[in-house]
Structure formats: structure tokens, C-alpha cells
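Position chain B relative to chain A; hints supplied.
There are 2 protein chains.
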Amino acid sequence: MTTINCKEIAANIRKGLGEKVSSLTEKYGEKPFLEIVQVGAHPSSVSYVKSIERTCDNMGVNHRLSIYDENISEEELVKVIETLNSDDSVHGVIIQYPLPQHLDQDRIANTLSPDKDVDCVNSTNLGKLFMGVKGIVPCTPKGMMRILEESGVDLVGKEVVVVGNGRTVGKPISQLLLHSGATVTVCHVQTKDLKKHVKEADVVICAAGKAGLVTGDMVKDGVVVVDAAINVIGDKIVGDADFEEVSKKASLITPVPGGVGTTTNAMLIENLLELFVSHKEK
Amino acid sequence: MTTINCKEIAANIRKGLGEKVSSLTEKYGEKPFLEIVQVGAHPSSVSYVKSIERTCDNMGVNHRLSIYDENISEEELVKVIETLNSDDSVHGVIIQYPLPQHLDQDRIANTLSPDKDVDCVNSTNLGKLFMGVKGIVPCTPKGMMRILEESGVDLVGKEVVVVGNGRTVGKPISQLLLHSGATVTVCHVQTKDLKKHVKEADVVICAAGKAGLVTGDMVKDGVVVVDAAINVIGDKIVGDADFEEVSKKASLITPVPGGVGTTTNAMLIENLLELFVSHKEK
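So the sequence lines, in the order shown, correspond to chains A and B.
All residue numbers for the first sequence refer to the numbering used here, where the first residue is 9 and numbers rise by one.
All residue numbers for the second sequence refer to the numbering used here, where the first residue is 9 and numbers rise by one.
Bound conformation, chain A alone (with noise of 0.2 Å):
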């Protein structure tokens, strides 16, 4: 069994990016910028800002984050988003989910321009990943394809098995999968027999955010396991697999944390830089 470094792939793209941006702000004259909207104080929210600014620091792109009271109201924050849709020195834009309740998660996402939206959380841009055509990749699903593709995965006519269909992980990633030449089952909450499918895969995801869901009698020697669940037992973060038991049979496996996570700035870096040159080149 080999324990994919995801912390050093992370790094390695981290130091290619970082290149990069000294070289398109030379090109461009102006560094990337990146706005993050927070509204309220949700504290996965609070931390997940935290990684964003360290990574954009040591990237070298200017990023601001404007928090917004928790009581904002709707049509306020269309006209925040609006507004930084027709500001030409912001390049990219992250809201920070989950929005208090009281909000339209699905409107605000559609009232940020695609060519901004660098998580892909618009339906314009997600529609065009779910087509296949070229463009913006949600984060974390980008940052797990690249982990295969690091390790040496050969994705094509795979049998591969996705445990979880949410909008941020199961479902994006699927389509990426299937656009890499694989076999893709989806299973989910309403699935009946999970084991009999996860015994047959050649590669497991889990996405379902339940923990231990995916144990060692579940899969096959040789297995390889993306995991990009994060539950919190405890004071402990664990995955959907049983790390002890799955990593026993598996080829590869991703730890968490320090797994698939390690990735996800660095995608979000990426991805910037993408919408940047898009912007400069129109």
C-alpha cells in the first residue's frame, strides 16, 4: 500500500503556479486579484478564508475579503455581486458557502458572471463541465483528478465507483471521470447494495461525508481510494474510508487529512490565473 503525498503533489503545482503568476504579471503589468465574499461568521467559513489568503500570499496574488452581516438581504448582496461582476480589476470571485438560510444560494451563484466565477458555482460554467466542453472545474473534484493523474492513474475503461452524488464533489466529479475514458458507477443514500459496488471498482471516491462508511471488507485488493470527506469525530477529522482496515488492500490511497484538501487552493489558484489571462486576452 503507498499513502499518495498529496501534501507534496500540492506543493509541486503550488511552486509551477507560483511561477506563473510572476510571469503573467510581468506580461500584464498587474497581478491577478481575487475577492472573497463572506457573509456572516459560519467557522468552516472562517478557516477555509484563512487557507485562502496564506495561499494567495505566497502565490503572490492580491486578494480582499469583504464580510457581509449575516442579516444582508438578498437583493443587497445581487448588487455586491453585480457590482464586482463590472469591476475590471477583480478577476475572480469566491463566495463562501453555505450562505445564511435566508438567502438563494442557486440565484446568488447564478448572479456571478462565469467569467469570474472560479469555483465554478454558476450553472453556465457547470453546465459546460457537465457537457464536456472546456472550462472553470470546481476545485476540490479538479485537485482529485489531478492526484490520479499524478499518481500514475490510467483513468481509461476503469470501473470506477463514486460514493456520494452532492453538487460540490460526487456529481462534478463523475462527469470528469467519464470524460477520462472510465466506467462510472454513482451510488448514494438511496443505494441499495454499496458493498457489491465498491467491491467491483478499480477506484473508490468517497464523497458521501459519513464516516467509516467505506471499510475494509468493501473493496478489493489493489483498490485505489480518493477521499474527500471530511468529518470531524471528536477531536479527530476522518474520511468516508476506514483508514486503517482500506489502506491494508489498497494500492493507493489518499490520507485525511492532509489528503485531497491540500490540493483544493491550489486548484483555486489555478483557476484564477485561467479567468486572468481570459480577461486580459478578451
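Calculated from the structure, these hints are not laboratory results.
Just so you know, not all the hints are guaranteed correct.
Every beta carbon over 10 Å from chain A, so not counted as near; a handful from chain B, in silico [unchecked claim]: (1) V57; (2) N70; (3) I89; (4) T119; (5) T223; (6) E252; (7) P263; (8) V285.
Which bits of chain A does chain B cover? Going by a derived footprint, with three or more residues having C-beta under 8 Å, they are [unchecked claim]: (9) 127-136; (10) 173-179.
We put the CB at the ideal spot given by N, CA and C, even for glycine.
Just chain B now, with coordinates in the frame of chain A:
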């Protein structure tokens, strides 16, 4: 074995829609209006257009066929679509695909306003479908879901195999099936062991466009087969499933011809009415 009477299902849907057209026409003092955009004279377009016009006439829906020269430039066609977008008397637009090769199909599809996109070709509408947000659904997969529903097939927890990952049928129906609670495996040309997957399926969706791809020995007893393929073999039209052999084992199966295709135009009218009402209630 029961061959699903798709013609009867379609006739019942059309009956309901005809009544709905009447009541909406009375309510809004205007008939729904469908614009059909055809470029050149691709044989499959010509026959499909005729069937759309006939359906519109039977339903009491206004329609106009605009045929453009096959050498029309992309910029000219974009202008045509933009004019239709801003024309308040047009409630839905269907563009006949395939377009001539020199035209960028994605650009044309994404020029069409999501609010007039009666066959769900625009990325914004496809992105909503992908994320499970209520909205327009492409006509053929919408009809297939209706056939399953009218046939009393409960999809929750069912094992469904979709054969084919194309944009028109395979991709959208996979998402609709997932949203209905099915466990979905998408197989395609790179799938190594199609038989193994089909053999386990409670429901098989044929959308590959390859005659004889699904044979009798590949399916399990009692399987439900919905065959959306239209393959022309000599002077016969057949689906992907070997109907004679597969039907011996299937509990329910759609015929080809006279199957899925019979519902497509009814779904087009259903979508048009949805867009018409949204337009009027705006």
C-alpha cells in the same frame, strides 16, 4: 413481457397538453409561439421539422419555420438568435441539429436565451439540470422518464445502467435517474465489460446508437428496457437492443420505432408551455 405502449402514453400526454394550450391561450389572450430554426437541409432535420409542425398544429400552438442558407456565417446566425431572444412574440426556439460543420454548435446553443431554450441546449439550463434545480429538461430524456413513470416503474434504489454517454440522451437521463433515487452506472465505448453491468441492471437505458449492442444473453429476467436509439439498418429502423431476444426476458420494453420517439414532440410542447407561462408571469 409487455411492450410499453408509448403511442398511447404520448396520445394521453398530448390530450392533456391540448387542453392546457386552450386554457392558457384564453388566460393570456395569445397563443404560445414556437420558432423552428433550420440551417440547410439535413435529411434528419427535414423529417423532424415536419413532425414538429404537425404536432404544433394539432395542439393549437403557433409556429414558424425559418430556413437559413447552409453557408450562413456564424455571426449572421448569432444575430438571428439574438433577434429571436429579444422578440417578445416568440416564446420558444428550437434549433435543428446538427448544424453545418463551419458553425460552432456550442456558441449557437449558448447564444439562445435560457428563457426560450425549449430543448435545453443552453449551458445554463443544462447546468441547472445537472445540479437538480427545477427547470427545462431536454425533450427525449424527459419523455423517457415519463414513459417509466406511466409504466409504474419506481426508480428509488433501482440499479440502472445507461448505455451511452452522449449529450442528447445519455448524459441528461443519467442525472434525471439519479435525481429519482436510482443507482446509475454510465457505460460507453470505453467500458470494458458491458455485459457484466447490463446483467445486474433492473433498468437498462439504450442510448448508444449501435444496433444489436444489447443482446438477450446480456440482460436479466424481468429487466425494464427503454431504448432511445434510432439506427437505420437497410430499410428498417431498430434500437440498440435486439428487441426479439431481449423482449423474451424483459418485463417491460419500449419498441423501436414507435417507442421513445413518440413522446419527444409532446415534451417539446410541454416545455414550450412552461416557457410561455414563465414569460407571461414575469
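**Asked** When you look at the beta carbon of V285/B, is every beta carbon of chain A farther off than 10 Å?
**Response** Given a closest Cβ separation of 20 Å, the condition holds.
**Prompt:** Far enough from chain A: is every CB of that chain over 10 Å from the CB of V57/B?
**Reply:** holds (24 Å)
**Prompt:** the segment 173-179 of chain A covered by chain B? Criterion: 3 or more residues, Cβ-Cβ distance below 8 Å.
**Reply:** holds (count 3)
**Asked** Once the closest CB in chain A is found, is it more than 10 Å from E252/B?
**Response** holds (28 Å)
**Request:** Beyond 10 Å from every chain A Cβ: check whether that's true for N70/B.
**Result:** Label holds. Min Cβ-Cβ 29 Å, cutoff 10 Å.
**Prompt:** Beyond 10 Å from every Cβ of chain A: is that where the Cβ of T119/B lies?
**Reply:** Given that every Cβ of chain A is farther than 10 Å from that of T119/B, nearest at about 12 Å, it holds.
**Message:** Does P263/B clear chain A by more than 10 Å, comparing its Cβ with all Cβ atoms of that chain?
**Reply:** Fine: 28 Å to the nearest Cβ keeps P263/B off the interface.
**Message:** Count the residues of the segment 127-136 of chain A whose Cβ falls closer than 8 Å to any Cβ of chain B, and tell me whether that reaches three.
**Reply:** holds (count 7)
**Request:** Decide, holds or violated, for the assertion that all CB atoms of chain A are farther than 10 Å from the CB of T223/B.
**Result:** holds (19 Å)
**Request:** Verify that the Cβ of I89/B lies farther than 10 Å from every Cβ atom of chain A, and report whether the claim holds or is violated.
**Result:** Its Cβ never comes within 10 Å of chain A, the nearest being 16 Å, so this holds.
Going through the hint list in order, the structure satisfies each hint without exception.
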